[in-house]
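Participant: Starting from the known structure of chain F, fit chain Z onto it as the hints suggest.
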Amino acid sequence: KQEVTQIPAALSVPEGENLVLNCSFTDSAIYNLQWFRQDPGKGLTSLLLIQSSQREQTSGRLNASLDKSSGRSTLYIAASQPGDSATYLCATPLEVGSEKLVFGKGTKLTVNP
Amino acid sequence: GAVVSQHPSWVICKSGTSVKIECRSLDFQATTMFWYRQFPKQSLMLMATSNEGSKATYEQGVEKDKFLINHASLTLSTLTVTSAHPEDSSFYICSARVRGGSTYTQYFGPGTRLTVL
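Line order of the protein sequences matches chains F and Z. Residue numbering for the first sequence follows the numbering used here, starting at 1 and increasing by one per position. Residue numbering for the second sequence follows the numbering used here, starting at 114 and increasing by one per position.
Chain F with its partners taken away, still in its complex shape:
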């Protein structure tokens, strides 16, 4: 059964710093992995989706990497800004062919001005 873990649960950094958020999964036979952003009391905004055949995806200041063999994905945020403050969730399908997503608990990021 796929399980997703995110460490740390919370992270606080000064503005301008580059940072990395971690996501681990137990079953390396994944189809894809997705990173989401959730603002307080709000729904999810999809940030990046990495297919199993890819090693990384980039969007602006965000870069997500995927290492299936080690069961890890990272989300790199460059030059962080206070507006990046949110909870970041990663998710992957329960199993290949499944529509069901398994989420981590998220990392709450605070970027201090």
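Pairs of lysine to aspartate or glutamate, EDC-like flavour, derived with a Cα cap of 16 Å:
(1) F:K100 <-> Z:E172
(2) F:K105 <-> F:E3
(3) F:K108 <-> F:D39
(4) F:K68 <-> F:D27
(5) F:K1 <-> Z:E172
(6) F:K1 <-> F:E95
(7) Z:K168 <-> Z:D178
(8) F:K1 <-> F:E99
(9) Z:K154 <-> F:D39
Here are some of the chain F residues that sit facing chain Z, going by a computed Cβ distance under 7 Å:
(10) K42
(11) G43
(12) L44
(13) K100
(14) F103
(15) G104
(16) K105
No wet-lab data here; the hints were simulated from the structure. All residues carry an ideal CB built from backbone N, CA and C; glycine is no exception.
Facilitator: Chain Z alone, transformed into the frame defined by chain F:
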């Protein structure tokens, strides 16, 4: 494109009453919709999968008689929390898969905050 809305965005009700939450795909048809529940500082947990025109499939541990799901059209799914109790207070989020689209692409609604007094 691919916008999902939920109504209401928040609701407060008394214990024992029923509450209906709507999930709509605004600019696409959704064969499948998903209902998640999120408790504070916890991850989203899938409650049920809703397919248009058929009965919903519930995850283990989710009471189907308590959480009634109706997917009457390709753009609307509803979740009714019956006889709500304080422990049902949570953040409910729906997502939708585009009809004919990728199995793995879901678009999420903004969520509904339910508080049961």
